[in-house]
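Please build the complex by placing chain S on the supplied structure of chain L, with the hints as guidance.
Listed below are the residues making up each chain.
There are 2 protein chains.
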Amino acid sequence: VARFLEDFNVGDSFDSAGHTVTAHESEAFARAYDPQPFHLDEESAKRSIFRGLTASGWLTAAVTMRLTVDAGMLRETGIIGMGIDDLRWLAPVRPGDTLRVRGEVVEKIRREGDSKRGTLRVLLHTINQDGVVVMSEIANVIVPVKP
Amino acid sequence: VARFLEDFNVGDSFDSAGHTVTAHESEAFARAYDPQPFHLDEESAKRSIFRGLTASGWLTAAVTMRLTVDAGMLRETGIIGMGIDDLRWLAPVRPGDTLRVRGEVVEKIRREGDSKRGTLRVLLHTINQDGVVVMSEIANVIVPVKP
Numbered sequence: 228v229a230r231f232l233e234d235f236n237v238g239d240s241f242d243s244a245g246h247t248v249t250a251h252e253s254e255a256f257a258r259a260y261d262p263q264p265f266h267l268d269e270e271s272a273k274r275s276i277f278r279g280l281t282a283s284g285w286l287t288a289a290v291t292m293r294l295t296v297d298a299g300m301l302r303e304t305g306i307i308g309m310g311i312d313d314l315r316w317l318a319p320v321r322p323g324d325t326l327r328v329r330g331e332v333v334e335k336i337r338r339e340g341d342s343k344r345g346t347l348r349v350l351l352h353t354i355n356q357d358g359v360v361v362m363s364e365i366a367n368v369i370v371p372v373k374p
Numbered sequence: 228v229a230r231f232l233e234d235f236n237v238g239d240s241f242d243s244a245g246h247t248v249t250a251h252e253s254e255a256f257a258r259a260y261d262p263q264p265f266h267l268d269e270e271s272a273k274r275s276i277f278r279g280l281t282a283s284g285w286l287t288a289a290v291t292m293r294l295t296v297d298a299g300m301l302r303e304t305g306i307i308g309m310g311i312d313d314l315r316w317l318a319p320v321r322p323g324d325t326l327r328v329r330g331e332v333v334e335k336i337r338r339e340g341d342s343k344r345g346t347l348r349v350l351l352h353t354i355n356q357d358g359v360v361v362m363s364e365i366a367n368v369i370v371p372v373k374p
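Protein chains in written order, with this note's numbering: chain L, 228 to 374; chain S, 228 to 374.
Everything labelled a hint here was simulated from the structure, so no lab data went into it.
Which copy is meant is left open, so a pair is good if it fits within one copy or across any two.
Distance condition first, Cα-Cα at most 30 Å in a straight line; then the derived DSSO-like pairs of lysine-lysine:
id	residue 1	residue 2
1	K273	K335
2	K373	K343
3	K373	K335
Note that the structure is predicted; figures quoted are calculated from it, not measured.
Isolated chain L, as found in the complex:
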């Protein structure tokens, strides 16, 4: 079933399943999209400010998207992202960490002259197995109004 702007209220929230970032996934992603030594080489990583291997922040963002899609908040409507505000990488993600996402609708916007869709602003926290928030962001999602 599709969901519409009317189906959401400020304060609505969801909790995703977990996803473990393996060393293999972290390395494959970094090799493709963020080939910096502190994501790829143990020795360089130890000498970096991270003091050990870390996953690319963009992998954390991608995993956050995957967990959010799978959480099914928007069901068949689909998540049409307009953009992201205030993305912050707050703590390192290490190979072996298990991430989950908590999302909350923080704003619901209708614009004059647009009768067909509105925007939900959804605050997303990506949290590791120790309860540490490793990333936060606000997703601006376009959601249709009931036909």
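For chain S alone, kept in the frame of chain L given last:
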């Protein structure tokens, strides 16, 4: 060679090489991180607001990172991202599109009480083969001060 905060000025810019997003890359990324029908299935995509297959916006963001790393603006210092502001997906990216990045330092920040590092705010535009800006964002990058 490493680069330091003193090596950058507001207005400094770079242009990256190009990267072609193949249908294979788009599908593999979507399958892993953004498994929505308009990224994976031609027929569903035709019926979506995109009117055809598009790459995940998070793939565009990841490719932007890769092109920025390879452009070498920060050389051996590495790109330590604190976060991203105002990321906007402005136009669809289609399989076969070739993306490049133009970056410009828009702000250089020192904070009282932090003598070791500062922040560069870098405006990044991701541009397709037709000159259309498909994504923009401001990256907040931590850069060390000269020792």
